[in-house]
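Colleague: This is what each chain is made of:
2 protein chains.
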Amino acid sequence: MPISAINYGASSSSDSGASAAHDPANRPGDGNSSADDPYAHDDAHDDAHDELDLLGDDPLQPDLSSPFSFKRKQKPRHITGFLSRPARLISALASPFASRASHDIPPPAQRLGSLPTHPHDNDTHPGASGPGAGPDYHAEGPGRRVAYEDLTAIDWIFEYTKERQRQRALHHHTTPHRTSSPSSSSPPPPPPPPTPPTSQSSTLPALLSHIRRLLDASQVWVVLILSGLAVGALAAAIDVATDWLGDIKHGFCSPSVDGGRFYLSKTACCYGYDDEAICAGWTTWGEAFAGRRGGGGAGLWVVEGATYLVLGVTFAVAAAVLVREFAVYARHSGIPELKTVLGGFIMKRFLGVWTLVTKSLGLVLAVASGMWLGKEGPLVHVACCCANLFIKLFPSINNNEARKREVLSAAAASGISVAFGSPIGGVLFSLEQLSYYFPDKTMWQSFVCAMTAAMVLQAFDPFRSGKLVLYQVTYSSSWHGFELFPFIILGILGGIYGGLFIKANMRVAKWRKSASWLPGPVVQVAVVACLTALINYPNHYMRAQNSDLVSNLFSECSQTLDDRFGLCHEGAASAGTIILLLFAAVLAFFLAAITFGLQIPAGIILPTMAIGALTGRAVGIIMEIWQRNHPAFIAFRSCEPDIPCITPGTYAIIGAAAALAGVTRMTVSIVVIMFELTGALTYVLPIMVAVMLSKWVGDAFSRRGIYESWIRFNEYPFLDLSEETTPIPDMPASQIMTRIDDLVVLTAAGHTVASLAAILDAHPHRGFPVISDPRDAILLGYISRAELAYTLHAATRPPRALPPETEAFFAHQPLADPRSTLDLRPWMDQTPLTLPSRCRLHLAVSYFQKLGLRYVLFVDRGVLQGLLTKKDVWYVLNGAEETRRTSGMQEGEGLGAGATAPPGFWSYVTGPRRRPLSQLAGYRSL
Amino acid sequence: MPISAINYGASSSSDSGASAAHDPANRPGDGNSSADDPYAHDDAHDDAHDELDLLGDDPLQPDLSSPFSFKRKQKPRHITGFLSRPARLISALASPFASRASHDIPPPAQRLGSLPTHPHDNDTHPGASGPGAGPDYHAEGPGRRVAYEDLTAIDWIFEYTKERQRQRALHHHTTPHRTSSPSSSSPPPPPPPPTPPTSQSSTLPALLSHIRRLLDASQVWVVLILSGLAVGALAAAIDVATDWLGDIKHGFCSPSVDGGRFYLSKTACCYGYDDEAICAGWTTWGEAFAGRRGGGGAGLWVVEGATYLVLGVTFAVAAAVLVREFAVYARHSGIPELKTVLGGFIMKRFLGVWTLVTKSLGLVLAVASGMWLGKEGPLVHVACCCANLFIKLFPSINNNEARKREVLSAAAASGISVAFGSPIGGVLFSLEQLSYYFPDKTMWQSFVCAMTAAMVLQAFDPFRSGKLVLYQVTYSSSWHGFELFPFIILGILGGIYGGLFIKANMRVAKWRKSASWLPGPVVQVAVVACLTALINYPNHYMRAQNSDLVSNLFSECSQTLDDRFGLCHEGAASAGTIILLLFAAVLAFFLAAITFGLQIPAGIILPTMAIGALTGRAVGIIMEIWQRNHPAFIAFRSCEPDIPCITPGTYAIIGAAAALAGVTRMTVSIVVIMFELTGALTYVLPIMVAVMLSKWVGDAFSRRGIYESWIRFNEYPFLDLSEETTPIPDMPASQIMTRIDDLVVLTAAGHTVASLAAILDAHPHRGFPVISDPRDAILLGYISRAELAYTLHAATRPPRALPPETEAFFAHQPLADPRSTLDLRPWMDQTPLTLPSRCRLHLAVSYFQKLGLRYVLFVDRGVLQGLLTKKDVWYVLNGAEETRRTSGMQEGEGLGAGATAPPGFWSYVTGPRRRPLSQLAGYRSL
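Residue numbers (UniProt numbering), protein chains in the order written: chain A, 1 to 926; chain B, 1 to 926.
Heads up, some of the hints might be wrong.
Put simply, identical chains are the same to the list, so a pair is met inside one copy or across any two.
Claimed, not checked - Taking lysine-lysine and the DSSO-like style, the derived pairs with C-alpha atoms no more than 30 angstroms apart in a straight line are:
(1) Lys510 - Lys392
(2) Lys441 - Lys503
(3) Lys503 - Lys513
(4) Lys467 - Lys503
(5) Lys348 - Lys510
The hints are simulated quantities; they were obtained by calculation from the structure and are not laboratory data. Predicted model only: the values in this text are computed from it and were never measured.
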């Protein structure tokens with residue numbers, strides 16, 4: 001009958017048969033270990049009920065009735081337990097650390113040490129674990145944790161448990177030691193719904209506690225409002241600086257003219273002039289070098305072009321150097337990384353101060369360089385960096401990774417809010433694109449943050465036009481029914497563009513990674529910047545800043561004051577214009593495809609909108625010419641005679657929306673952003689139709705948008721919530737899980753500090769399930785590598801300084817002297833979540849997605865069957881996708897290319913599954 | 001050693017000690033039961049490994065490696081298993097139902113019967129359960145189900161499993177019997193990531209399957225677009241009809257005048273007249289009775305008042321009679337019920353056709369009656385009824401309660417969209433207020449549905465003004481910094497109003513329920529309608545329709561054409577106006593509080609907005625007077641001289657937003673709705689501030705908004721997702737769960753059909769956990785009352801017609817003859833989700849909330865500890881809230897008042913927890 005011997009017999013000798021542990025004579029006379037153990041799970045199949053009185057309470061075991069009898073008898077048992085340990089209660093009352101003291105406390109010298117070597121901070125015995133207990137979150141089961149390592153996944157459940165415990169401490173600050181008073185030790189009424197812990201009788205402490213909670217709740221608001229203010233101010237500064245630097249490439253505001261200042265942009269310099277062409281203060285570089293005003297000439301053109309080129313390349317290189325020197329995470333748009341972080345992954349320094357500074361400065365330089373990149377996506381990253389900065393002011397948020405992510409999700413909205421002047425669009429962007437957990441209250445917080453930022457930007461008014469964004473427009477005319485047809489074409493074009501762009505961009509990225517002969521990132525940036533300048537300068541539409549271009553493409557001719565691109569003058573509606581627009585779109589496509597992915601801050605939203613707007617405007621001009629030449633055509637009958645029937649600007653905005661939908665695969669956010677840009681419901685229907693078609697066509701190319709493609713390319717461990725992008729293969733979870741025969745599992749007892757250290761050395765796995773004994777494999781818990789390593793390290797150092805041969809165990813050992821043994825239970829997740837092994841993979845995936853787990857254990861009737869980690873799931877989902885696409889390919893083949901992924905990704909998992917590792921590590925008894 | 005005898009020894013005799021089942025000589029020679037059983041969980045603690053070969057495969061056991069050995073040996077075992085049952089494989093190949101045939105199939109006569117009495121449709125043996133298997137969802141574990149009863153909770157996991165199986169069948173329609181081919185019977189590579197099921201080699205079937213899936217996916221869109229069209233049209237019809245009926249109370253469009261038609265509303269009748277007062281066609285009742293035009297006189301006033309009263313009461317009574325006679329669910333706003341339904345509860349007929357018709361007609365009558373009620377909330381209900389109507393066209397959605405709820409969540413947005421002309425607001429309303437599960441794709445679907453409805457409404461243009469809503473406004477001026485102060489006051493007032501209104505309304509509701517002497521609902525409606533008419537008629541502001549009033553209160557004086565309330569004429573800014581406005585607000589408060597809850601279709605949104613607008617306008621006029629009289633006051637310095645500095649209309653809209661936030665506790669949706677009503681970002685900041693303050697102040701009164709209060713009042717089983725409204729008490733789940741000693745549990749074997757029927761008769765519980773045997777209590781599964789009752793009933797009728805003494809069991813019985821015994825496993829949830837009993841209540845609640853469970857079982861190391869149902873959780877959450885509020889009160893005391901809750905609510909739960917029921921039902925052996 002080996003079952004009854006599970007965790008008593010393995011005390012450093014082999015567990016042969018029933019041990020002597022049940023013999024009361026064996027119990028040591030140590031006062032500290034006066035605990036009894038009715039730890040029923042070990043004896044669940046033992047019908048020697050009469051032995052129970054000899055075993056005491058296990059302090060880590062909650063108040064369960066004995067599971068091996070259906071007679072209700074917990075009441076007398078509780079009382080017996082209570083009466084049988086008066087010494088413990090007295091010591092508990094005498095100590096100021098009463099609620100943290102337990103009956104097997106280590107000697108005071110050990111307790112005072114910085115290492116939390118005493119096995120548990122709180123006694124969860126029935127009655128003693130009252131609701132007013134202190135911060136004893138590890139007693140809930142998930143165990144104690146050391147800080148997360150970089151590039152590991154967070155445990156949402158653990159973080160929320162921590163937060164709850166903190167809240168509880170806040171609520172009950174006035175009665176912190178209530179749990180140890182003897183009056184509360186009486187057992188609760190057996191079938192409980194107990195009185196909840198929140199009733200306070202005295203009013204003053206209640207008021208104080210109320211105020212404390214209010215202050216606590218207001219922290220999130222302070223962070224978000226400060227972030228909103230900072231983001232609005234930063235966005236304004238970036239707008240002004242970009243404007244100035246962008247104009248500097250063409251000329252400067254001459255200080256010699258009245259009111260002229262070198263630091264003024266062209267718009268500011270020429271403020272008051274209706275036509276910027278005759279502005280007195282603004283001097284182009286050609287004029288400055290040639291020493292004369294006005295006129296043209298090839299020489300001037302070359303001089304100005306050379307300045308444009310040199311300055312553009314200089315700005316780009318400066319941005320690249322900033323990124324390389326100060327914060328590598330400032331590169332790129334940041335949205336793929338942000339999605340991963342919000343999905344529950346630790347990336348240290350990604351939201352740091354240096355990243356914030358570098359990204360802001362680098363963004364100004366990169367945008368000013370004239371390359372085909374935007375500031376919209378990076379602004380979201382900047383917004384999250386700001387929020388993270390303010391989060392640091394409040395440890396209660398800063399120390400909780402889950403709450404931090406809630407606040408960051410909310411703050412992300414302010415980035416899009418200032419980028420497009422669209423606060424609602426920002427909230428929906430965060431909801432649709434970025435966030436993982438987005439509770440209702442986050443939506444409101446997000447909205448407030450986004451509005452604050454938009455208001456601040458409006459107060460700064462960086463464009464001196466009252467507009468939040470350069471390309472905000474209002475249309476005076478509505479659309480006609482027949483125009484739905486070209487709008488549908490634009491939608492389809494947008495989808496095709498999106499699909500092709502993602503393919504091209506990813507191919508460039510892969511090539512760049514594989515081509516080892518390529519020069520360093522800064523040189524790459526210089527080359528692309530040079531190429532961009534060479535292509536941009538001669539091209540009428542591409543020479544200007546993207547936002548200027550988009551603004552002019554969007555605008556209605558009747559409202560355009562400054563027609564610098566000649567889109568509205570007489571004869572602009574010609575085949576030549578159309579060809580030039582489409583030519584610019586094609587060139588921009590290639591430039592954007594090689595630019596997005598360089599090591600500079602660079603977004604993809606604005607270039608995409610520009611390309612879409614160029615195409616849309618071209619289609620609009622085609623329609624305009626057609627309508628003008630054939631006004632009698634049946635479709636054009638609805639046009640009123642002497643009024644322009646077609647507004648090409650509306651085609652541009654619909655083209656931009658369609659292109660954006662094709663590239664990012666967002667839907668609602670894009671429509672809402674465009675709605676807020678145009679300020680009227682009029683064009684929502686065509687935008688909606690175009691966006692929907694674009695998404696459908698794009699999805700036919702690939703299910704992943706540009707951000708998801710980059711997540712996949714970088715092998716970020718992001719578990720997509722939507723089944724659309726990542727279909728879950730339909731199979732039993734047992735086919736995926738690492739079976740127990742392939743796992744390194746630990747037995748409950750029979751270890752020494754040295755043997756555990758040896759296991760850690762021998763196996764790279766990130767965690768170990770703990771089972772009762774090798775034959776029964778009853779699951780007891782799960783201990784992560786980090787916690788195990790930390791405890792072992794701490795135990796062998798002073799103050800404990802345990803020798804390597806010290807016995808270590810994961811289950812209650814009534815014979816063990818706590819001074820000379822190591823109880824690892826406080827560091828073990830004693831209530832790991834389990835599933836039956838015959839459940840489907842879908843259910844397991846929804847556990848990971850909805851509950852935010854890191855691992856789930858498969859258990860059939862108490863017996864461990866296997867383990868599934870977040871990585872396994874990620875691997876299966878992505879591998880499945882790959883094989884679905886290139887059917888016949890070996891699974892996993894497509895996953896090897898992730899060279900940019902920092903080493904250590906997935907480092908929290910149990911280890912490579914295919915390695916034929918020894919299955920018996922830790923089984924000294926076999 | 002009783003453990004090894006768990007489920008073999010209890011075959012209708014007492015399970016004393018080890019049974020004879022392990023004796024190979026005991027096995028019958030029956031060919032059908034040639035199965036072997038390595039059903040490891042039963043023998044997990046049995047070290048008699050050598051006996052294994054004698055026991056065959058259990059067909060319901062998935063491909064797990066044997067859990068009692070860590071040596072990798074499943075490969076040889078699989079092969080042995082494969083070779084040892086050639087007869088089975090041959091029969092499988094021979095039968096066209098191969099994948100559904102199992103080795104213990106009942107005789108064909110039984111299989112052909114309509115009752116699915118054969119125990120399992122699919123064989124899940126290793127290899128045989130390939131990914132391409134047919135619709136065998138019950139094999140995944142949750143078991144087969146009969147249809148949900150009315151007023152029970154749905155099982156989200158089960159529904160999504162069903163949907164997945166349907167999808168899988170769609171994908172693999174071309175190779176449905178792949179699973180039974182011998183080649184796939186070879187075991188998968190041991191540590192698997194298997195090739196996913198989606199790779200299709202031939203292109204034509206792939207194309208067909210692709211088209212089939214596209215058609216399948218388009219069903220949702222068809223439903224939503226049809227719903228959008230219908231909702232838009234219905235809303236337009238309701239608007240026109242309400243307008244006409246409302247005007248009929250005052251007069252009629254005289255057919256004697258040129259172009260006059262009796263069916264025209266006043267606006268339509270007077271179309272073309274600038275001032276409606278001099279409209280020729282419109283005849284008031286006074287004029288009609290007195291036979292003369294124009295003029296006043298007390299007699300005329302009385303005659304018109306009497307007509308107003310009689311018609312108003314008639315309309316209201318008609319609405320009440322409609323509701324009583326045709327659809328009782330058409331009463332009230334419908335939003336509390338809708339929340340409950342979307343949260344996963346079955347309410348038959350709540351979304352039926354009769355409800356749709358009754359609610360639409362009743363709404364017209366109720367709104368026209370002039371009572372203080374709105375059509376906004378009911379329109380959401382109408383929208384969901386429309387969607388439900390179209391859902392019936394597509395069985396694949398209609399038969400899946402989870403998908404149906406996704407579509408309904410999406411469709412709900414169209415209701416708010418047409419009510420406020422605010423499609424984005426509608427989506428956010430659905431997201432914030434209504435929905436439980438709202439995946440990303442639902443947001444887009446919701447948006448499309450809402451936009452379609454808004455477009456249709458715009459096309460109908462029911463108000464002939466181009467506006468979607470009567471009270472859409474545009475402000476020409478902006479606000480000044482000092483105005484934030486009155487806006488803050490309005491926010492606080494809104495919160496106070498909201499808190500008081502909810503209290504008053506709930507008190508009226510409770511009184512109405514408790515006062516048994518009250519007349520029937522129709523008489524109540526008549527009395528309230530009469531009272532309303534008597535109060536409304538003499539009051540200048542209250543006589544008109546609410547929407548007219550709100551429209552005039554919102555509007556800016558400089559843009560008002562028709563100042564019928566005299567708010568803009570010279571001298572309107574007087575103390576008299578202020579008093580009249582506030583007086584109207586107070587009267588309206590009481591009328592609305594007694595009206596909301598009557599048995600007629602009635603929303604609370606518009607009355608609330610009207611009350612808020614009345615107050616807001618009053619505050620605006622106060623500010624206006626103050627600024628006019630003291631233009632030199634320091635705060636007013638920012639006012640420009642000759643322009644009106646204060647726009648009282650903006651105060652009205654902010655007051656309305658604040659009142660709405662106070663009553664409903666929504667935030668984002670209200671701001672977005674108001675933003676869409678005003679069409680500019682200008683007033684978003686003050687609205688935001690007012691809404692936020694109002695919510696905070698309101699939350700100080702009670703955490704629940706009006707809809708949540710009604711949900712609670714009616715005791716609907718809605719599990720709130722937000723922790724803010726329902727704090728979860730911090731306690732171990734084991735304190736809440738029904739312990740095993742209080743449960744009625746069934747053993748795996750030892751039952752007869754008659755004994756099970758007797759248990760069903762004796763205990764009202766809605767489900768029974770199934771355990772191995774009374775001493776070990778290893779959890780095997782859970783069977784619901786409905787399924788158990790159905791199976792027992794079916795088994796005793798032809799074609800099976802089993803006698804009552806037939807043996808029935810829940811575990812594999814190698815000795816049982818399937819023809820003469822009843823295997824209940826297919827109807828049992830064989831993989832019920834479990835938690836360790838020491839986990840905290842929070843974790844259990846997140847299981848219910850995030851995974852959508854109906855019950856969770858607590859298991860420690862395989863041993864059943866207890867059960868927690870959704871009802872228990874609901875009970876604890878609501879009881880805890882109650883005790884927190886009225887601290888000291890016995891928990892549950894506040895829950896007894898639910899007399900309006902239909903009988904049978906919570907009927908799916910395991911039964912009342914406090915009843916001292918026999919614990920031993922079903923234990924024939926004890």
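Colleague: So, for every hint listed, does it hold in this structure?
Modeller: Taking the hints in turn, this is what the structure says about them:
For a Cα distance limit of 30 angstroms, the shortest separation of Lys510 from Lys392 qualifies neither inside one copy, at 37 angstroms, nor across copies, at 49 angstroms. Only between protomers do Lys441 and Lys503 lie at most 30 angstroms apart by alpha-carbon distance; the minimum there is 24 angstroms, versus 38 angstroms within a single protomer. With identical chains, the CA atoms of Lys503 and Lys513 are at most 30 angstroms apart within one copy only, with a shortest distance of 15 angstroms there and 66 angstroms across copies. Within a single copy, Lys467 and Lys503 get their C-alpha atoms no closer than 35 angstroms, and across copies no closer than 45 angstroms, so neither meets the 30 angstroms cut-off.
In this assembly of identical chains, Lys348 and Lys510 lie within 30 angstroms of each other by CA distance solely inside one copy; the values are 25 angstroms within and 56 angstroms between copies.
Taken one by one, the earlier hints fail for this structure at numbers 1, 4, listed in ascending order.
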